[in-house]
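With the hints as extra help, turn the sequences into a complete structure.
There are 2 protein chains.
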Amino acid sequence: MGTASDVVDAFVTAIEAHDIEAALALVTDDVSYENMPIDPIVGKDAMGAVLTGFLASAVEVDWQVLRQHEIGGLVVNERLDRFRLEGGWLELPVAGFFEITADGLISRWRDYFDMATYTTQLQALSP
Amino acid sequence: MGTASDVVDAFVTAIEAHDIEAALALVTDDVSYENMPIDPIVGKDAMGAVLTGFLASAVEVDWQVLRQHEIGGLVVNERLDRFRLEGGWLELPVAGFFEITADGLISRWRDYFDMATYTTQLQALSP
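Residue numbers (this note's numbering), protein chains in the order written: chain A, 3 to 129; chain B, 3 to 129.
Because the hints were derived from the structure by calculation, they are not lab data.
By construction, the Cβ of each residue, glycine as well, lies at the ideal position given by its N, Cα and C atoms.
Heads up, some of the hints might be wrong.
[Claimed, not checked] Chain B stretches covered by chain A per the calculated footprint, using a threshold of three residues with CB under 8 Å from any CB of chain A:
#1 71-78
#2 91-97
#3 112-123
Okay, here's the thing in structure tokens:
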């Protein structure tokens, strides 16, 4: 088994590949997925539904991990999450905190970002 | 001299005390203060002006550092920044990244947060 950082790297790679199944294989059944402006999404199924909807409109997904740090079972990264929509690339700066279990699964994923930075671009770039 | 975390702790304490002078004594002359939804604010004077305006309307400032990690000269924290305004407490979840020089000064401070979470409460709680 790899490091906690390897788990996050594999998770990001799965997201970029639109491979929700591979992403969900890396989280615990009771995972808490927390986008800070909104309520936590709890459980693997709920997370899968949200991620599916979230990625549906993206022709291409490119999450650039700018900096990543591992502190025990916690992985912290600063990212530029990029989504290619019909009208062009949407770019969202994000700070992510991933808690990794001893089994190498993500049990909590908390992202901090500015929601309006996302929604404004989404409106501008969607048909 | 204390650790990088001590520098951030002292900085937060100065902010809570509305003591801009003490806060600015802990940053480099060319500090970059980056609230991710908006352009970086560069330089100690510019930072002082922004912080002064930012804190002016708060009767009380209480920044709760929920978790804090030190990775070499980098300090990462998750905070609940609380401001008591005339109408009550404004609460803002923030992820902060502070780069600390060998001299124990903050050279970059980057905060990730949802701007609307701040502005919506600001409007509701201001006279």
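Do the hints match the structure? See the list:
{"no.": "1", "hint": "71-78", "result": "holds (count 4)"}
{"no.": "2", "hint": "91-97", "result": "holds (count 3)"}
{"no.": "3", "hint": "112-123", "result": "holds (count 7)"}
Violation of the numbered hints given earlier is absent; every hint is satisfied by the structure.
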